[in-house]
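Student: The residues making up each chain are set out below.
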Amino acid sequence: MLSANAGGSLPVANYSTRIISDAAGSVFDPQNNSRVRINIPPSVAMVDPFNSYIQCDMKVNAPAQAGGVASGVNTFKMALSNSCGAEQIMRNIRITMDQREVETVQNANVLEQFRRAYETDVATKGIDSVFSHGSDYVSQNPTPFVEAYDAEAGTMTMNNIATTQVLRPKTSGLLTSKTGLPLFLTGAMAIEWDLETSANVLEPVGSGISSSVAVDNITSSAGGEIGGATELLEVTLQQAADPKYKGYSWGSTNAEVLAGNPFAVGNVVIVTLENATLGAGTHTFYRRVNALTINGGNGKLRIQLDTAIGGLGNAQPCTNLTIQAPLGYSGVSGVGGSTDNGALTASTQAYTYEISNVAYVARVIELPPAYRAGAARRVAQDGGFQLDIVSWSNYVNNVLENVSVQSHLVPSYLSRVRSVISIPVAAAQTDYQSDRGGAVGNVATYQSVIGNRREPQRPVSITNWTSDTVRQFPAQEHLAELVKALSAAGIDCKSLRAFRQNFAMARSLSYQGSSESLMDRGYRVEMTHTSNVVSAKTLQTFVCFIRRLAVTLEQGLMVMD
Amino acid sequence: MASGQGNGQFQSKQFVSVAPVNSGEQVFGYSSGLPQITFQMGSQGILQADELRLTGTLKIVANGSQGTNLVDAAQDVSINAFTGVESCIDELEISSTGYGRSLEYVQHYGQCNASVNSALHSKSMYDSHLSHEQGSLGSGICTSQSLDNSINDDPLAVSLAGQRQAQIIGLRSVLGREFSCRLVAGMFLGGAELSMGDLGGLTIRLKLAPNEQVLFGAAASGYHYEIHNPLLIASVMVESPEAEAARLANPQPLIPFLQYQSYYNNIISTDFSVVHRTNLAAVLSSFTHFVPSSYLNNYAQDGYAQYNPAINNITFLKDGQRVPLTYEILNDRDAQAASEAVQPSTNPVILYNYLSAWKSPNAFGKSSVNSLNSGWTATSGGNGVFGIGCSYDVEGYGVGARLSTLGFNIKSNLSLPSAPTAQIPFSAFTFYLCKSAVRVDRQQGVMTSV
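Here the protein sequences line up with chains W and E, keeping their order. 811 is the number of the first residue of the first sequence in the numbering used here; add one for each residue after it. 26 is the number of the first residue of the second sequence in the numbering used here; add one for each residue after it.
To be clear, the hints were calculated from the coordinates, so they are not data collected in a lab. Heads up, a few of these hints could be off.
Only pairs whose alpha carbons sit at most 27 Å apart, straight line, appear in this in silico DSS-like list of lysine-lysine [stated by the list, open to error]:
(1) K343(E) to K232(E)
(2) K391(E) to K343(E)
(3) K869(W) to K436(E)
(4) K391(E) to K1304(W)
(5) K1294(W) to K391(E)
(6) K869(W) to K1304(W)
(7) K384(E) to K1304(W)
(8) K1304(W) to K1294(W)
(9) K1294(W) to K988(W)
(10) K384(E) to K343(E)
(11) K988(W) to K384(E)
(12) K436(E) to K988(W)
Here are the in silico distance ranges between beta carbons for each label pair [unchecked claim]:
(13) S127(E) to D832(W): 37 to 45 Å
(14) I449(E) to A1118(W): 51 to 59 Å
(15) A1237(W) to I449(E): 52 to 60 Å
(16) L428(E) to D832(W): 34 to 42 Å
(17) K988(W) to G345(E): 30 to 38 Å
(18) T402(E) to D1330(W): 55 to 63 Å
(19) R1263(W) to E353(E): 41 to 49 Å
(20) N338(E) to D1198(W): 33 to 41 Å
(21) G1300(W) to S48(E): 29 to 37 Å
(22) E353(E) to D832(W): 53 to 61 Å
(23) P450(E) to D908(W): 30 to 38 Å
Beta carbons are placed, not taken as given, at the ideal position from N, Cα and C, and that holds for glycine.
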């Protein structure tokens, strides 16, 4: 924009307008009305997708019982999970033109998160979080979905209004294209997506310990002294002086600690500890929180449980004390022996989200008559109109449990492939603790097989990373391969800080914008593990390729891969 | 506009330093020294405008004395963290020396600079460059480490008080704060190359801002600022004789450039229309930022800080029609909220369009706009980054507004979160980025707008 070079050219009028979704006025949610569709008519002659976005209002609904201390249903502040913004509600994206499918990206939110992890540094992630309420800066910018939250009373109030989200899905080639889309030639465009389930989109916040671990897990650094009575847990964390609870961002004042800690009166917590009286090993207890207080302003959070921990005497030091506030548990706390972990019933509580007022805010370019006439003449006389877009295709494989050496066929036979990114997502997922990041597990090596060619010639070894599970040293060849593949897919890698949480086996098939045909070759990923103990994963492979849209007088719109 | 590096048209590149023509004792300031700095650049070569820099030394001096910089960091006297030394500039005028014609006149330069700098630079850029160049430390999050650790480990590291203290410390050198800053003007954007021969040389005049606008803090009223030994550093490509002859062969050269036009309004009603008769040929974008009117020229407040007057909705207008956005921007404010502190919004649509005043929001790599800086806590604390704006034309041609009016209708509560029930007037500083051009008639010796 900041250029004066356009002098003398024919001005092109353009403006921004809202194109509302089908079933305007509807409220969409993952359970009842989960497919959203926006039709963009051909009367919108040309759209500049790079300067357009999807807008909706989003609201989180708490289960009916939540928010009351007597209900026995855990109360949580909910936010968008996976350090990702509201774009993650778009699970499968489908775009049609003239009733023909031109782009489909299944499991798009897996790729969305992956891109966000590498493509955005702190500054750009901050902008994205503004637009889509991404759960960054949690301690400074708590979830917008909850208006009031009182841990001491165990109550909360959801916001009265839905909050606006600006969605800019980076996984769609069409929606991120810098080239104007001539709908007067291609016909009407429809953007359609399926909503991701609430349990995979929302997570509890309030700790700031980790954005990828939804619930808090606190270890007492002072040995976890049980003070006064066995139903009282008095937890001294790493720093008693201001700012209190260093490392946990609960706040810098007593009031902030009470409001910011992840516990709430009425919630059920899981207490694990080691204690000589109880015997060797870790002991687990389920208890309901009856009261939360700050002990005399000395920085100790006192958590009063509803019943004593059986067999544990007063003021006995414990080691490795952890207190978790899990979502999904409710009811009364367990009773019985020292490891009474079976008495709880899983809660039916279900925090859900809904969106409404969905619209595509399109930057519309008003074409001069001369341009329209020229384009129409090109279609009629010069063999047609062609447009190349970068697109993604998704393939799903299963990484088998306890099989050390595995080979996965990616049945992609596209003609112009630029990059392949295979993301192993943990198969076992917990509701409201969704982790869409690539899990490295104990992968030792990986290699791509293209036809009968192996790339790189020697498998990429990441044992430097996975053999030391504590320090997890970065494996340099892996990072180099990853950055190459990202670059080939048009993803400018700006940050590697989250590489451990976002593992992928990636391969570039492009040199300076070129592409490679997989038509008679196919693609295969081979991986080995450091042992036979392998957890099951879903291998989400995304193939980045160039797709050609052509409009001819005889055939109309054609899609060529 | 000229180009041609690599074509053998230029012989060499020279860096020139230009001293003020109204030098006096080389001390400039609002109350001490001369209140205006004027530079004149000759009519030779091609100016590479985006490399232009203003250098000098800023001193914060106790009233009644001169030349001794304040070194006590405990004294609460500071300057805006997003503009730094550029806070001292109130007006920037660029004019043709030879033809005696004003080419660009940016009023409220500091307000313009506060928005431009914060929108286009992130905290890491402030920390790595701007804090060293012009004493502006910015606000917010810097690195991934500070994202993960500093906020969580030590909230004071990003607290308003902590960042203001860091900003103050950077100004407390015994010899004063040396600076080298870019000048924000439309003419200097986008890598413009200006033929100084065609322009007849340039005169750049900087009018300095009042002390009470530049300095703020509990002790600020006891101090004034001084700028010592300012110089303008410019890089100029020297034309080859052939290139110069070819240029002179055109008897009526056209010189296109960008310029900012600035406007000031007081918003005194919760439903208020701002209308500007701009007489501009090609407007690319506009942006506006808000300051409570009572905070201007006030030692107790940062007069360049960016505030949100509790906006409910905005409509951009051209001749009373909704242009370039055919819809109203509705902000998701909760009228039933128990307090302003729990308002749910980070204003996504407002800020999306605000950033579009510079380039596509999808193309932003760095910015201080984030949910930490642009939310309620920061904008009420005076360390926020917030504004409204829009792009009139994403294709780079600009919309004609010679005979049209531009502006916006704003519905707001006219309040700050700290006092949500008290309505106060806000000042709105609006800047239009537009394309402009002048034609020079060498024989007649005149320069005209086209």
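Student: Each hint should be assessed against the structure and marked as holding or not.
Tutor: Verification of the hints:
1. K343(E) to K232(E): Roughly 32 Å between the alpha carbons, so the hint for K343(E) and K232(E) is violated.
2. K391(E) to K343(E): Violated, at about 30 Å.
3. K869(W) to K436(E): Given pair K869(W), K436(E) holds - Cα atoms ~24 Å apart, limit 27 Å.
4. K391(E) to K1304(W): Answer holds: K391(E) to K1304(W) is near 11 Å, not above 27 Å.
5. K1294(W) to K391(E): Since the Cα atoms of K1294(W) and K391(E) sit roughly 23 Å apart, the hinted pair holds (cutoff 27 Å).
6. K869(W) to K1304(W): violated, 32 Å
7. K384(E) to K1304(W): Roughly 20 Å between the alpha carbons, so the hint for K384(E) and K1304(W) holds.
8. K1304(W) to K1294(W): holds, 13 Å
9. K1294(W) to K988(W): holds, 22 Å
10. K384(E) to K343(E): OK: K384(E) and K343(E) at ~21 Å, within 27 Å.
11. K988(W) to K384(E): holds, 13 Å
12. K436(E) to K988(W): Not OK: K436(E) and K988(W) at ~34 Å, beyond 27 Å, violated.
13. S127(E) to D832(W): 37 to 45 Å: violated, 54 Å
14. I449(E) to A1118(W): 51 to 59 Å: Holds - the Cβ-Cβ distance for I449(E) and A1118(W), about 56 Å, lies within 51 to 59 Å.
15. A1237(W) to I449(E): 52 to 60 Å: holds, 57 Å
16. L428(E) to D832(W): 34 to 42 Å: holds, 40 Å
17. K988(W) to G345(E): 30 to 38 Å: holds, 33 Å
18. T402(E) to D1330(W): 55 to 63 Å: Between T402(E) and D1330(W), where Cβ atoms are some 59 Å apart, the hint holds.
19. R1263(W) to E353(E): 41 to 49 Å: violated, 57 Å
20. N338(E) to D1198(W): 33 to 41 Å: Hint holds: Cβ distance 40 Å, inside 33 to 41 Å.
21. G1300(W) to S48(E): 29 to 37 Å: violated, 53 Å
22. E353(E) to D832(W): 53 to 61 Å: Hint violated: Cβ distance 22 Å, outside 53 to 61 Å.
23. P450(E) to D908(W): 30 to 38 Å: violated, 54 Å
When each numbered hint is compared with the structure, violations occur for hints 1, 2, 6, 12, 13, 19, 21, 22 and 23.
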